[in-house]
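2 protein chains.
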Amino acid sequence: MRPLGLDEVRITGGFWAQRQETNASATLAHIEHWLEREGWLPNFDLAVHGGLPEGRRGREFSDSEVYKLLEAMAWELAREPDAALEARFDAIVRRVAAAQETDGYVSTMFGRPGQGERYSDLEWGHELYCQGHLMQAAVARARTGHLDDLLVRVARRSADHVCATFGPDGNPGVCGHAEVEVALAELGRVLDEPRYVRQAALFVERRGHATLADIEWGRSYYQDDVPVRDAEVFRGHAVRANYLAAGAIDVGVETDDDALVAAVARQWDRTHAARTYVTGGQGSHHQDEAFGEDFVLPPDRAYSETCAGVGSVMVAWRLLLAQGHPRYADAVERTLFNVVATSPAHDGRAFYYANTLHQRVPGETPAPDAVSKRAESSLRAPWFDVSCCPPNVARTFASLAGYLATVDDGGLQLHQYASSEIRAALPSGERVAVDVETRYPTEGRVRVTVVEAPGSRWALTLRVPAWSPTASLRVDGGVERRVPAGVVAVPDLRAGSVVELDLDMSPRFLHPDDRIDAVRGCVAVQRGPEVLCVESVDLPDGHDVADLRVDPSVPPREADGRVVVRGVVVDHRVRTWPYVPVDDADAREPVGAPAGGDGMVHDIALVPYHDWANRGPSTMRVWMPTR
Amino acid sequence: MRPLGLDEVRITGGFWAQRQETNASATLAHIEHWLEREGWLPNFDLAVHGGLPEGRRGREFSDSEVYKLLEAMAWELAREPDAALEARFDAIVRRVAAAQETDGYVSTMFGRPGQGERYSDLEWGHELYCQGHLMQAAVARARTGHLDDLLVRVARRSADHVCATFGPDGNPGVCGHAEVEVALAELGRVLDEPRYVRQAALFVERRGHATLADIEWGRSYYQDDVPVRDAEVFRGHAVRANYLAAGAIDVGVETDDDALVAAVARQWDRTHAARTYVTGGQGSHHQDEAFGEDFVLPPDRAYSETCAGVGSVMVAWRLLLAQGHPRYADAVERTLFNVVATSPAHDGRAFYYANTLHQRVPGETPAPDAVSKRAESSLRAPWFDVSCCPPNVARTFASLAGYLATVDDGGLQLHQYASSEIRAALPSGERVAVDVETRYPTEGRVRVTVVEAPGSRWALTLRVPAWSPTASLRVDGGVERRVPAGVVAVPDLRAGSVVELDLDMSPRFLHPDDRIDAVRGCVAVQRGPEVLCVESVDLPDGHDVADLRVDPSVPPREADGRVVVRGVVVDHRVRTWPYVPVDDADAREPVGAPAGGDGMVHDIALVPYHDWANRGPSTMRVWMPTR
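Residue numbers (the numbering used here), protein chains in the order written: chain A, 4 to 630; chain B, 4 to 630.
Next up, chain A with everything else stripped away, as it sits in the complex (with noise of 0.2 Å):
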């Protein structure tokens, strides 16, 4: 399948409009704001006037936050068009292109007198790393038109400076922090540089045997432990492991190395299965960053970074279009609206690092002018002292559209469902148009208007997601018939025609498999493609949700706009010691817990996640326990 440029798919309304509005409006000069007053961009300033390294700001990795910013201005411009965003974006790519040395190598940290030796610290210098984001902000670059852009010209040198010291004769070494393999492979297929993919291929296959130092979290941490093709499951640190996974998918793909692809897809499954919140959020460590063992799913220490959730979304994508199954289109839904789409406040103004699902204590609001700590339990902050997130977010929501929707020798296929338009040809050449309209996921309709349609025979592609157990589908006002959870084709649509689907909205309960022991007797509500939360500013008498009973009889339902569940509060002993006999059963029951039916059992509203700690601080829950 291929992917459709922002110059073929366009997002005209709705959830995720609203949030690449702002994203435009807000976040975009908010990032820039941050990397101006905190000095990582005026860096590379520095670099070109001598100033480094007394006067460097910032981690080993800020280099990359200012490349990010790049790519987000990148895909934006070609989203929507704006002159005074195209000066920006022109002149910070003139401040990174004069802080370039001769040979190519770009970083503000290290190669200077009184700085590190360039590579001299392969496990956190974080050099590679960098590279790879500036040559992944020219990719945004180049697939919006612009071939031969300064900023393509700086990622090529960049790009030809790591393939002539890391090539097969080089040093062998691999980057700590995993993202030059995707950017590379990408760098080199939209260039067509052939190098840059052999590049991006040794640097997976050297991964896995024990280049790296063995640090205190072990060599897992930054995937160094196995080779990619043996591996079982994705592990260590969450980000690295994910942009891991997305080059050695892409250089799979572009090598025709099948068994490549399969070995990641594998891992993928059991992650998928073992290692991932029912948000599609990933890393339940803080220490490392990392992902626990299989079933370590502790909602209150939930790490789940939002950069994981970037991370998550890419491999899933590279997934579907490897492979087709929409299942990988089911993981890239969840992940955007319940960890990306978590992040960011309503103004676009703040962000969270880690995605907790389950607040005991209320958060405090940050300072808007104070640099926050990553993964405190607060409300959304403004920066942090690593503020990958940001960025992250910003490049994602900017290139969005991107995810919508795929051609292939068949066809059509939608995966994500927004109002949009697509103009897009199929590999025959020939053009296909159509127009989505929806409310969704507020409402479950999808009304699809064939624009324009190919003379051959073509077939139109919906994905009927896993959370909607039956949908029913009909053509230009035809009979009604029900689909199951999966694709369906409709084929042969001419110019004019109109498709609606409609998807299973109801709220429904979840389970955990009961490994996942963190969670054991609760139940999660999802509706849609939203995981829904309890906050406890809903809850009666100033109660916390660490005193909500859930029903798990009732089914939730929706009244007055808003999914409700049945449950009591409690109140709770007071005990000195909370471990008490099976045979003290008074003791162990909460007080003021009746058997149901008085005035006690509450309708309990619940908000979407992503939506959570925007009325102020409160106390939260995913899972929530039954009786």
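The hints are simulated quantities; they were obtained by calculation from the structure and are not laboratory data.
All residues carry an ideal CB built from backbone N, CA and C; glycine is no exception.
Any given hint could be a false lead.
DEER-style ranges, computed between Cβ atoms [as the list claims (entries may be wrong)]:
id	chain 1	residue 1	chain 2	residue 2	range
1	A	THR368	B	ASP412	54 to 60 Å
2	A	ALA213	B	PRO197	53 to 59 Å
3	B	GLU379	A	ASP388	26 to 32 Å
4	A	ALA213	B	ASP217	32 to 38 Å
5	A	GLY58	B	GLU219	22 to 28 Å
6	B	ASP388	A	ARG62	20 to 26 Å
7	A	PRO230	B	ASP507	53 to 59 Å
8	B	GLU219	A	ALA213	24 to 30 Å
9	B	GLU379	A	ARG60	31 to 37 Å
10	A	ASP388	B	ASP388	23 to 29 Å
11	A	ALA562	B	ASP217	42 to 48 Å
12	A	THR368	B	ASP388	35 to 41 Å
13	B	GLU89	A	ASP124	44 to 50 Å
14	B	ASP259	A	ARG62	47 to 53 Å
Since the structure of chain A is already known, use the hints to place chain B on it.
Just chain B, lined up with the frame of chain A:
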């Protein structure tokens, strides 16, 4: 209540005597070997001969491991005099003494050209922490009859230096790792030096006023967020929190500051009600080795550092002495049996640093000659990069007899049960002597023979642990009477009298407070003071502990010398996504789990938790899901 010296109480046989023997015969030499091998002891020689900082090895706190070994040796020399051990002890003391600066300061890490300046890194430098452990070693020496030993003189000079440097008009700082507080208070008490106690008091009062830097995990990490007397609960790094609390109690007692003692007691209550594992273990974060929020007690990510257990025993013991309530002795017992005793292997040459309550993947046996990482999920290791725990266990075991009994105006109190000889003087000067015979904790009978009785009125007070709902007491073969949990006083016994206490050792299920989400729907089993666990090596047909479902309606019982529970083992359905709608009950229920009664129901044998992982790699859980 007055604690007894090692010249007044001696453990003569049984569970703890065996561990004391192993400690003496194997562990002390093992630790000495590794301290030499890793250079932590030779660092002192380098300090004398000008080999620092170039030749220095070990982390910034490595000096303290030498001091803790000295403390362990000092206690051991009082428990069981041994000329060869005395000579080794003296040799180490001389090497330490030689490295002391003329003004009393001692550190192999700071203060020389090429090293950091003294006290230039109070957050992480550990200089006061190390010197505190030096003082604590001297306390052991002074408490065992050597009030003017070289070690005591060295510690006195160090304490004088600390008072001169950090006194009311001096450096206003505190150490990032509490320890010097309790050490100064104890040294001041044993040497009758009120200056040291006042300095300890000053350090306690200074903490909590944000004089240390605000690090990634916040100032709560080193308890510098809230003043000691204002805090509500133990928080931050669990070892630091307990050491500080111990120091604060000592200061409170020595300065008659009841409010300070009451503040720590209040914090202890909430900490034990909401932040302590069923084993007595503390600390649920790997990231910062810290307490989590209330009820964040994941068994699979339990940190429960051995040193935090040692610190927790120190705190509970001091609260027992100050306030007399038996719940503190219960906590001492729980933590000794289930945390401190869990750390060392049977041979005394390998240790757990962290003590998980749920091992999901079998660990690997560390190489006997390799330094292990402190918190990896492996079997007990001979030594760690951070190796605070082995010498902490050693000093605790060597001084264990001191926790058994106290005297006060009313007589003699027995707090912990072990075969022992107690020869003490009451505050009145009258002698009291008893012999204790017991096979505790294998059996619950404790037989106390009065060898020498005071002439005036007195009582022998016995603790009835909270886990024994009732016990039976018989004096001189008379009528048995039932006594409730708490304490029972037997008045005016004469020499030759025999008191027999029979504790209820029936194994019992424990249910967790239902706010501890991580173990909802699970039971644990306790028998006497021992928490039990299930290991995969005891499951049928190669099943893993993840497959066990216990029937809570069948009480645990004893069979063939082991405790068994009734349960089934289940096969888990393979799933691609582990969250399923509630109405998909069939997919949710594990297969292979009959309603009960046929051949698939098994009796599953448990082992004491402290004994786990002594039969090779296995998976293990303390909390077992019920059906």
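Structure-based check of all given hints:
1. A:THR368 x B:ASP412: 54 to 60 Å: Cβ of A:THR368 to Cβ of B:ASP412: about 56 Å, so the range 54 to 60 Å holds.
2. A:ALA213 x B:PRO197: 53 to 59 Å: holds (58 Å)
3. B:GLU379 x A:ASP388: 26 to 32 Å: holds (27 Å)
4. A:ALA213 x B:ASP217: 32 to 38 Å: For B:ASP217 against A:ALA213, whose Cβ atoms are near 37 Å apart, the range 32 to 38 Å holds.
5. A:GLY58 x B:GLU219: 22 to 28 Å: holds (24 Å)
6. B:ASP388 x A:ARG62: 20 to 26 Å: holds (24 Å)
7. A:PRO230 x B:ASP507: 53 to 59 Å: Between A:PRO230 and B:ASP507, where Cβ atoms are some 57 Å apart, the hint holds.
8. B:GLU219 x A:ALA213: 24 to 30 Å: holds (28 Å)
9. B:GLU379 x A:ARG60: 31 to 37 Å: Holds, at about 35 Å.
10. A:ASP388 x B:ASP388: 23 to 29 Å: holds (26 Å)
11. A:ALA562 x B:ASP217: 42 to 48 Å: holds (45 Å)
12. A:THR368 x B:ASP388: 35 to 41 Å: holds (39 Å)
13. B:GLU89 x A:ASP124: 44 to 50 Å: Since B:GLU89 and A:ASP124 have Cβ atoms about 49 Å apart, the given range 44 to 50 Å holds.
14. B:ASP259 x A:ARG62: 47 to 53 Å: The hinted range 47 to 53 Å holds for B:ASP259 and A:ARG62, with Cβ atoms some 50 Å apart.
The structure meets every hint from the earlier list without exception.
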